[in-house]
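Position chain B against the provided structure of chain A, taking the given hints into account.
If you read the sequences in order, they're chains A and B. Using our numbering, read the first sequence as starting at 1 and increasing by one per residue. Using our numbering, read the second sequence as starting at 112 and increasing by one per residue.
Bear in mind the hints are in silico, worked out from the structure with no lab data behind them. Model, not experiment: these values are computed from the prediction. By construction, the Cβ of each residue, glycine as well, lies at the ideal position given by its N, Cα and C atoms. One should not assume that every hint holds.
[Said to hold, decoys possible] Result set (SDA-like, lysine to any residue): computed pairs, CA atoms no more than 20 Å apart in a straight line: (1) B:K168 x A:S83; (2) B:K153 x A:S83; (3) B:K153 x A:L78; (4) B:K153 x A:A111.
[To be verified] Not everything, but these chain B residues come out facing chain A in the computed CB check (under 10 Å): (5) E129; (6) Y144; (7) G218.
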Amino acid sequence: GQSLEQPSEVTAVEGAIVQINCTYQTSGFYGLSWYQQHDGGAPTFLSYNALDGLEETGRFSSFLSRSDSYGYLLLQELQMKDSASYFCAVRDRGGGFKTIFGAGTRLFVKA
Amino acid sequence: EPEVTQTPSHQVTQMGQEVILRCVPISNHLYFYWYRQILGQKVEFLVSFYNNEISEKSEIFDDQFSVERPDGSNFTLKIRSTKLEDSAMYFCASSAQGGDEQFFGPGTRLTVL
Chain A
1 GQSLEQPSEV TAVEGAIVQI NCTYQTSGFY GLSWYQQHDG GAPTFLSYNA
51 LDGLEETGRF SSFLSRSDSY GYLLLQELQM KDSASYFCAV RDRGGGFKTI
101 FGAGTRLFVK A
Chain B
112 EPEVTQTPSH QVTQMGQEVI LRCVPISNHL YFYWYRQILG QKVEFLVSFY
162 NNEISEKSEI FDDQFSVERP DGSNFTLKIR STKLEDSAMY FCASSAQGGD
212 EQFFGPGTRL TVL
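Okay, chain A solo, but in the shape it has when bound (with noise of 0.2 Å):
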């Protein structure tokens, strides 16, 4: 079967950072993604990785290990309108693709 783990939620304040886990299980594996979805609000993309490293855009990054179906997005510099969950999804092998979202972590930052 195909799965993907994340924290349920995280908390940090205001200009800290937060790094968001990412586990998955897949039959195939293309890329890893980021959404970021804020309240009643549409998955708006964050990130793409295929392959092993670090991207860094702006105050968000996000890495990848294939080897250990890893992945993490960091977030720096906290600011309120972070607030919001953040799905990782991976691109399925086959060719048609399928896009897998993992259940989603929901960060709340305080002042």
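Positioned in the frame of chain A, the structure of chain B alone reads:
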């Protein structure tokens, strides 16, 4: 900035009725998707569409569901005979590359009574 649009924003229907959810993907994108999200739960893949045909569908996407790209801009999801458990937010998404950076529309909240 180009965006994916969806109509209606909210659809209320009676069980057993047919509904059509509409989406306009970003104009130069070639890959289209439908997802659903039951309140408070994860985003679930329904179907991907490329080159005017379904690329892949999930086990949720049974015979009651169909998709169509009736013209060069619209992408629709039809549910033939709605059930109570079809109540969810339905998101359309599109991407320039298959499976990668996907742009989501604002969603259609479907309520089946």
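How the hints compare with the structure:
no., hint, in the structure
1, B:K168 x A:S83, "32 Å, violated"
2, B:K153 x A:S83, "17 Å, holds"
3, B:K153 x A:L78, "24 Å, violated"
4, B:K153 x A:A111, "27 Å, violated"
5, E129, "25 Å, violated"
6, Y144, "7 Å, holds"
7, G218, "6 Å, holds"
The structure shown violates the earlier hints numbered 1, 3, 4, 5.
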